[in-house]
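Chains as they are written, first to last, in the numbering used here: chain A, 1 to 168; chain B, 1001 to 1758.
Treat the hints with care, as some may be off.
[To be verified] Covered stretches of chain B (in silico footprint by chain A; criterion: 3 or more residues with CB under 8 Å from a CB of chain A, positions within the stretch not fixed):
{"no.": "1", "segment": "1155 to 1164"}
{"no.": "2", "segment": "1178 to 1191"}
{"no.": "3", "segment": "1223 to 1231"}
{"no.": "4", "segment": "1246 to 1252"}
{"no.": "5", "segment": "1268 to 1274"}
{"no.": "6", "segment": "1589 to 1600"}
Source of the hints: derived by calculation from the structure; they are not laboratory data.
Heads up, the beta-carbon is just placed ideally off N, CA and C, and yes, glycines get one too.
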Amino acid sequence: MATETVATFESSLDELGVGMTRTDPEGFDDALAAIIDEPAVGVPLRIDGVSLDDVPVTVDPTTAQLESARTGVTPVGTAVATYGTLAIESSAAGDEPVSLFPECHVAVVREVDVVWGLDEAFARLDEEFDAGRDSVVFATGASATADMGEMVEGVHGPTAVHVVVIES
Amino acid sequence: MSAETRREKAAQIRQLLDTEGENVHADATHINEARYDATESFGEYEDLRTEAREIKEDAIERLPELIGRVTDAVEANGGQVYLADDAADANQYIEEVVGDADSLVKSKSMTTEEIDVNDSLEAAGVDVHETDLGEWVLQVADESPSHIVGPAMHKSREEIAALFNERFDPDEPFETAEELTAFARDWLGERIQDADVGMTGANFVLAESGSITLVTNEGNARKCAVAPDTHVAVAGVEKLIPSIRELQPFVELIARAATGQSIAQYVTTLSPPVETPTLDFDDPDTPLSEAGIGGGNGGGGSDDNDDREFHLVLLDNGRSAMREDDQLRETLYCIRCGACANSCANFQHVGGHAFGGETYTGGIATGWEAGVHSQDSAAEFNDLCTGCSRCVNACPVKIDIPWINEVVRDRINRGVGDASDASDTPEFDFLVEGLTPDEEPGGLTPRKRFFGNFSTLAKLGSATAPVSNWLAGTGPSRAVLERFLGIDRRRDLPKFERETLVEWFDARGGSRVSAADADREAVLYPDVYTNHVHTERGKAAVRVLEALGVAVRVPEVASSGRAPLSQGMLATAERHAHDAYADLAEHIDADRDVVVIEPSDLAMFAGEYEKFLPEKSAERLAESSYEVIEYAYGLLENGAERAALRPGDGERVAYHSHCQQRTLGLEAHSVAVLEDCGYDVLTSETECCGMAGSFGYKQEYYELSRDVGSDLEAQFTTDDARDRTVVASGTSCCEQLDALLERPSRHPVQLLDPTRDR
Chain A
1 MATETVATFE SSLDELGVGM TRTDPEGFDD ALAAIIDEPA VGVPLRIDGV
51 SLDDVPVTVD PTTAQLESAR TGVTPVGTAV ATYGTLAIES SAAGDEPVSL
101 FPECHVAVVR EVDVVWGLDE AFARLDEEFD AGRDSVVFAT GASATADMGE
151 MVEGVHGPTA VHVVVIES
Chain B
1001 MSAETRREKA AQIRQLLDTE GENVHADATH INEARYDATE SFGEYEDLRT
1051 EAREIKEDAI ERLPELIGRV TDAVEANGGQ VYLADDAADA NQYIEEVVGD
1101 ADSLVKSKSM TTEEIDVNDS LEAAGVDVHE TDLGEWVLQV ADESPSHIVG
1151 PAMHKSREEI AALFNERFDP DEPFETAEEL TAFARDWLGE RIQDADVGMT
1201 GANFVLAESG SITLVTNEGN ARKCAVAPDT HVAVAGVEKL IPSIRELQPF
1251 VELIARAATG QSIAQYVTTL SPPVETPTLD FDDPDTPLSE AGIGGGNGGG
1301 GSDDNDDREF HLVLLDNGRS AMREDDQLRE TLYCIRCGAC ANSCANFQHV
1351 GGHAFGGETY TGGIATGWEA GVHSQDSAAE FNDLCTGCSR CVNACPVKID
1401 IPWINEVVRD RINRGVGDAS DASDTPEFDF LVEGLTPDEE PGGLTPRKRF
1451 FGNFSTLAKL GSATAPVSNW LAGTGPSRAV LERFLGIDRR RDLPKFERET
1501 LVEWFDARGG SRVSAADADR EAVLYPDVYT NHVHTERGKA AVRVLEALGV
1551 AVRVPEVASS GRAPLSQGML ATAERHAHDA YADLAEHIDA DRDVVVIEPS
1601 DLAMFAGEYE KFLPEKSAER LAESSYEVIE YAYGLLENGA ERAALRPGDG
1651 ERVAYHSHCQ QRTLGLEAHS VAVLEDCGYD VLTSETECCG MAGSFGYKQE
1701 YYELSRDVGS DLEAQFTTDD ARDRTVVASG TSCCEQLDAL LERPSRHPVQ
1751 LLDPTRDR
């Protein structure tokens, strides 16, 4: 079931033009280093077994570093397989700007946190809101606009998105 | 409306067709097709529409309670809520909040357009920058939005490039959308970094948690909300829903309805003031953890975010009165997706600037303008709704948009009359005197009386045919009709038959199949056109029903009221509804089926009659009524002999269903029956033929009607279509097709007529 969910997630991301890398905690550092364009900024991943300690990512960047970064790395608490949607938090650590300002957003999600549809994602969210959470950005693909006459990606948000799935 | 006013209006529409029509057409039809794809492949669509509608009904019902709850919740989060009575009140509050700030960045919000906040802030010395690219293009061009979702839809890439090259004088002139977008990103990015205040709208406001939800494809709303340390969100009070538990259906529906995407790029729910660090780009070397929110360590965060300010401005501006108004209330269920505009054939061709009121434009705009501005504002473009009903199924919250338009039209009829306008002045009523047995007040224009009382005109026309036809066709008569009633002389008028269908049926001795021999007995509803003008299709219908073993009756029945309804003459339409029901009730009691040829009349029985008749009566009539080919389909499915109908033998036909027939989901029956009988059917893909009843007769709209029809004309004159027999279900569709094409059109029942010549 989990395999099917992740496969669906991957094909949804593929349709959005979003790449996906699977890795386990041991392979995480190498996998991430291969994906990011430097300079890169990030926020703590809040996922057991992986961190940004040994990768070329500046955690807790300054605004100047944020502004010049090409890649922003954030954790994602829930991902939705059918839509390829990533649920980003708006936290004091800066998940929101780190996922939004750099050209490329790299989202790190645990395999077990990839849920099938929006039903499951909202069921989780309802519980989390009851427990005091108060923000979520459902992000699906790169930012886009057709306002200049044709569809163009990367207008006020990232031009590219890449997802790293951590197998347990 | 005087002849001169009509000419001016026609000129304005012609100019918009020439300048903006092409761009709007490309975008609106593209998005509309994407919407069909996105909803047809989405199994839960209908259930979610029902759920979304129920949530909105409940929320508007509980609005005062929800306002109280959201106020408590936002204040508990550390923000402020201000309930603004009207635009001036909202602007005054916003000005106080903004204080001595120099600059403000905005993400797209029609509600802020409604209160003209940019003008107000700029007068107070604040630089306001729209950051949605479409809105920014309009800000640079100093124009107003022409679409709720795609505000600059009327401008092409080339026009935008020319505008930006002139305004910004770049080293290398802009050409591509990529270049323009990259420039916008950088230019606006700097404004976002420098701004003191960020302003957003809110697609939804969640009362329980004090959250706002922003639905966007660009990242600008997120940036406007979190980059500056002061955030002002402006939302109509109707945006309130109880909690995040009610949000899901809207997230699944809104992008599908708006652009045909399964979900928008960003669906952002925030409960400001947010914990996200504020970004001070003037202080580039401070880590995020120390920026603005004090004491956060990058991981744990802190609730002590004193630097952040949040103000939620909830705008009433007429909405409370709309909530009390039984007819306008459902306008408040609108989630501003624009699907009604995209599905509207007139909008697709002429765009929002012809359609627009002070702020809102497109289908639901009549309700909004009448509610938040004035009936006068709604009146300017209300005529452009032909009542075709194509928007009804497009609306994700099931708002009966054509009905709202008819209601507003009725109120305009009753309240607004221009004494300086010749055709608005009752003294010219002699033209339609005797044709106006209606229930309407004296201020009603003769033209409305003329079209609204078409059933009386038809009776007179048949009684005096062929003299009436000859008179109506002469130059002087057409000039008079054009001068005083604005009926375009280029449009052929219906030709009345001397012998009505009812008279023909009586003269032939009634049904050829006796009730005693038949399994089913049907009343063929003799609508005004079939009875007086297109009697041939009525005769064919009788023969087809008889061939399928049905005992037929064709009694005199009052007209359905469609004609007065489409003029906004609701009292007259209601009287017709009572009369028609009275005429049919006895037949329904006798277990006779009501078979209807004209789809717009069936749509009345199935839809609007619930507004006019007691619930039980409306239900009984709706349940007993069938479109004629739908009925034949049912008979064939239940064992009637297909061989009794004229076989198609591979005859190639080009079929255009009728708008209301499609809304009722009945197009497929006609196609299935024709194909089963051996016809090779090509169906039209256009939203509408552009005629829609009286609309195409009106002088100021004649050219728009033809322009809308050009899509259908193009499809039916391709190599694959040009030798096909043209078939259409509606009278007005046939009239438009006859005007557009060189070959005549007929109703599908005429093809199936066993006595039809080979």
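Going down the list of hints, with the structure as the test:
{"no.": "1", "hint": "1155 to 1164", "in the structure": "holds (count 5)"}
{"no.": "2", "hint": "1178 to 1191", "in the structure": "holds (count 7)"}
{"no.": "3", "hint": "1223 to 1231", "in the structure": "holds (count 3)"}
{"no.": "4", "hint": "1246 to 1252", "in the structure": "holds (count 4)"}
{"no.": "5", "hint": "1268 to 1274", "in the structure": "holds (count 5)"}
{"no.": "6", "hint": "1589 to 1600", "in the structure": "violated (count 0)"}
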